[in-house]
Amino acid sequence: MSLSLVRLDDRLIHGQVVIGWGQPLHVGFIVLVDDEVKNSAWEQDLYRMGVPPGIDVLFVSVADVARHLAEWTADPRPGILLVGDIDTLANLIAAAGAGGIARINVGGVHHRPGRTERLRYVYLTDEEAAKLKQLATNGVEVSAQDVPTARAVPIGEFL
Amino acid sequence: MSEPTPSPTVGVIISHAEVAAALVGAVRTISGVSDALQAVSNEGCDPKALAQRIEEAIGERPAVLFVDLPGGSCLSSAVRLSRGRGERAVVTGVNLAMLLDFVFHRDVPPAEAAKRAVEAGSRAIRTPAA
Numbered sequence: 001m002s003l004s005l006v007r008l009d010d011r012l013i014h015g016q017v018v019i020g021w022g023q024p025l026h027v028g029f030i031v032l033v034d035d036e037v038k039n040s041a042w043e044q045d046l047y048r049m050g051v052p053p054g055i056d057v058l059f060v061s062v063a064d065v066a067r068h069l070a071e072w073t074a075d076p077r078p079g080i081l082l083v084g085d086i087d088t089l090a091n092l093i094a095a096a097g098a099g100g101i102a103r104i105n106v107g108g109v110h111h112r113p114g115r116t117e118r119l120r121y122v123y124l125t126d127e128e129a130a131k132l133k134q135l136a137t138n139g140v141e142v143s144a145q146d147v148p149t150a151r152a153v154p155i156g157e158f159l
Numbered sequence: 001m002s003e004p005t006p007s008p009t010v011g012v013i014i015s016h017a018e019v020a021a022a023l024v025g026a027v028r029t030i031s032g033v034s035d036a037l038q039a040v041s042n043e044g045c046d047p048k049a050l051a052q053r054i055e056e057a058i059g060e061r062p063a064v065l066f067v068d069l070p071g072g073s074c075l076s077s078a079v080r081l082s083r084g085r086g087e088r089a090v091v092t093g094v095n096l097a098m099l100l101d102f103v104f105h106r107d108v109p110p111a112e113a114a115k116r117a118v119e120a121g122s123r124a125i126r127t128p129a130a
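Residue numbers (my numbering), protein chains in the order written: chain A, 1 to 159; chain B, 1 to 130.
Since the hints were derived computationally from the structure, they do not count as laboratory data. No incorrect hints appear here.
DSBU-like, lysine-lysine: derived pairs with alpha carbons at most 35 Å apart:
{"hint": "1", "chain 1": "A", "residue 1": "Lys131", "chain 2": "B", "residue 2": "Lys48"}
{"hint": "2", "chain 1": "A", "residue 1": "Lys38", "chain 2": "A", "residue 2": "Lys131"}
{"hint": "3", "chain 1": "B", "residue 1": "Lys115", "chain 2": "A", "residue 2": "Lys38"}
{"hint": "4", "chain 1": "A", "residue 1": "Lys133", "chain 2": "A", "residue 2": "Lys38"}
{"hint": "5", "chain 1": "B", "residue 1": "Lys48", "chain 2": "A", "residue 2": "Lys133"}
{"hint": "6", "chain 1": "B", "residue 1": "Lys48", "chain 2": "B", "residue 2": "Lys115"}
{"hint": "7", "chain 1": "A", "residue 1": "Lys38", "chain 2": "B", "residue 2": "Lys48"}
Keep in mind it's a predicted model, so treat the numbers as computed, not measured.
This is chain A alone, in the form it adopts within the complex (with noise of 0.2 Å):
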């Protein structure tokens, strides 16, 4: 399986993703996961900007990931495959079906109000908390970790 990492991080493409994350698994493509920026050309050559030459960018909605997730686990390029809300990876896991994602990294969901702290990047509500949970009852694995060089926290540490 190529996908090497499903995160989820309220920035999409950033620094740690980019150079933390892209450089040590040698990445060679970015899925991101928003059906606001899959309709908006301006926003893709935003994220775009951030992203070296040498590593494809696809932006995608939720539906197509039930259609592709096959062929970019099929790609021999380390892939690294984005959400930016737990609502959006909720359904992405499920447009994915039994065993398509087995294992999501929380990197980073920042404050707001509304949001308390379970780690210094994971800001939950507690209704997100509980789908967060819900994910980990249903056999996905679920961990904390912002950059690779860090411990991964699993999810009955944080919630």
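Following the hints, position chain B against chain A.
The following block gives chain B in isolation, referenced to the frame of chain A:
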């Protein structure tokens, strides 16, 4: 009755961690100018919260938004907030040299101030003979 004097363009530095605050401090130390720049860090905030921090730093003034990297969360927020707004301009790859030039040349529209800052910042990047 005379026209009101337009506000000078403010520089808002948007960075990871404490880079922006350090640059503001360095400009103040070197130039003595203390009212031209504002620092915003993306530390610990999601895109909406970062946008709010930037808006608060800009206020109602014309602004050049200086961003540390040419991609990522700081740039995304800066471009979103400036798109289609002539009173705002964005510069990436902020460095001390461009800021020191900027603080003395703020009585021009943001696009012009941004262009000048890029030229000043680019001139500072060299590989002098050792």
